[in-house]
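Trainee: With chain A's structure known, arrange chain B on it following the hints.
Number of protein chains: 2
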Amino acid sequence: MAFYILKIPPKEVEELARRIEEVQKFIKPCSLCNNFSTEEICSLCASPKREKDVICVVEEPKDILAIEKTGQYDGLYYCLLGSISPMEGIDGEDLNIHKLVKRVASGEIKEIIISTDPDNDGELTAQFLIQKLSVYKVKIYRLAIGIPLGTQIEYIDSATLGKALMDRKPVS
Amino acid sequence: MAFYILKIPPKEVEELARRIEEVQKFIKPCSLCNNFSTEEICSLCASPKREKDVICVVEEPKDILAIEKTGQYDGLYYCLLGSISPMEGIDGEDLNIHKLVKRVASGEIKEIIISTDPDNDGELTAQFLIQKLSVYKVKIYRLAIGIPLGTQIEYIDSATLGKALMDRKPVS
Chain A
12 MAFYILKIPP KEVEELARRI EEVQKFIKPC SLCNNFSTEE ICSLCASPKR
62 EKDVICVVEE PKDILAIEKT GQYDGLYYCL LGSISPMEGI DGEDLNIHKL
112 VKRVASGEIK EIIISTDPDN DGELTAQFLI QKLSVYKVKI YRLAIGIPLG
162 TQIEYIDSAT LGKALMDRKP VS
Chain B
12 MAFYILKIPP KEVEELARRI EEVQKFIKPC SLCNNFSTEE ICSLCASPKR
62 EKDVICVVEE PKDILAIEKT GQYDGLYYCL LGSISPMEGI DGEDLNIHKL
112 VKRVASGEIK EIIISTDPDN DGELTAQFLI QKLSVYKVKI YRLAIGIPLG
162 TQIEYIDSAT LGKALMDRKP VS
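Chains as they are written, first to last, in the numbering used here: chain A, 12 to 183; chain B, 12 to 183.
The shape of chain A in the complex, shown without the other chains (with noise of 0.2 Å):
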């Protein structure tokens, strides 16, 4: 980045200075969904075209880029701003997940897909939210484990594959 700046114009490096000191003034967390946002609400949560009973929780804003470029979801979003983590000292108590709970207890949510990540954090908070969201009425989901795509059975770990084979789908 360094090396861009020196090169750049110095309008250009003015620009660029700006807009960096904007960012934190003028995006915030979206009150419903905490994804970045320069409104009060963001573009997903205030969309009309967006299933408005399904939420997909991640846990940072930027899981949310990588499910939109899927371009297979089409429903809202719920983002933790975290997860727990035994190794930093953070619980599920500290986790920022009661706009969630209250959304669910309403009635309003048929389906929830969990989608933190499938590492030793991700899981223990998607085992938590399970714990706390089953007790109402709603359908839990969580991101399928598997083999993924493009790849060679023989370059995937232990752990993975025998997940896919445990999981394996049925065709006929």
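Errors might be hidden in some of the hints.
No distinction is drawn between identical chains; accordingly, a pair holds when it is met within one copy or between any pair of copies.
Said to hold, decoys possible - Simulated pairs of lysine to any residue, SDA-like, Cα-Cα distance not exceeding 25 Å:
| id | residue 1 | residue 2 |
| --- | --- | --- |
| 1 | K121 | T81 |
| 2 | K150 | V112 |
| 3 | K18 | A57 |
| 4 | K180 | I141 |
Keep in mind the hints are simulated off the structure, nothing from the lab.
Computed from a predicted model, the values in this text were never measured in an experiment.
Mentor: Just chain B now, kept in the frame of chain A:
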């Protein structure tokens, strides 16, 4: 390997050369599953501990090693020794499936788990197998496609993440 050979004692070089010759002489495809074997029938096919009515179909013997390492499978294998590959001019009719089809047709097999690679050639091969085998009374499964364990959502390719969303698993 050249550096290793230059360094070891002459006796070990002779031993290595002899073993390399033996590999092709004594190791042949198992007459049942095509896995490498020193006997007419490999130790997996011969084992009384394996379930005899489940067959996991793989492309190469090294895939058998990968699946055995998971410790999650106790059925038999069938090795295609290749896959359909339009780029290399290999189509379904070139595939080594006659012994497999015969066993499925005999009614002795309850379940087939197609474990070809999750890439283009492996997918074509899987579709061909499904078409050939679904005329018989056998349950056919495919390894689960999804996000691999230990990764993070933001680094998973869109195609895999999209498939993991579509194949989401109910947890409540």
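Trainee: Evaluate each hint against the coordinates.
Mentor: Cross-check of the supplied hints:
| no. | hint | in the structure |
| --- | --- | --- |
| 1 | K121 <-> T81 | within (22 Å within a copy, 36 Å between copies) |
| 2 | K150 <-> V112 | within (14 Å within a copy, 41 Å between copies) |
| 3 | K18 <-> A57 | neither (40 Å within a copy, 70 Å between copies) |
| 4 | K180 <-> I141 | both (23 Å within a copy, 13 Å between copies) |
Checked against the numbered hints given earlier, the structure breaks only hint 3 and satisfies all the rest.
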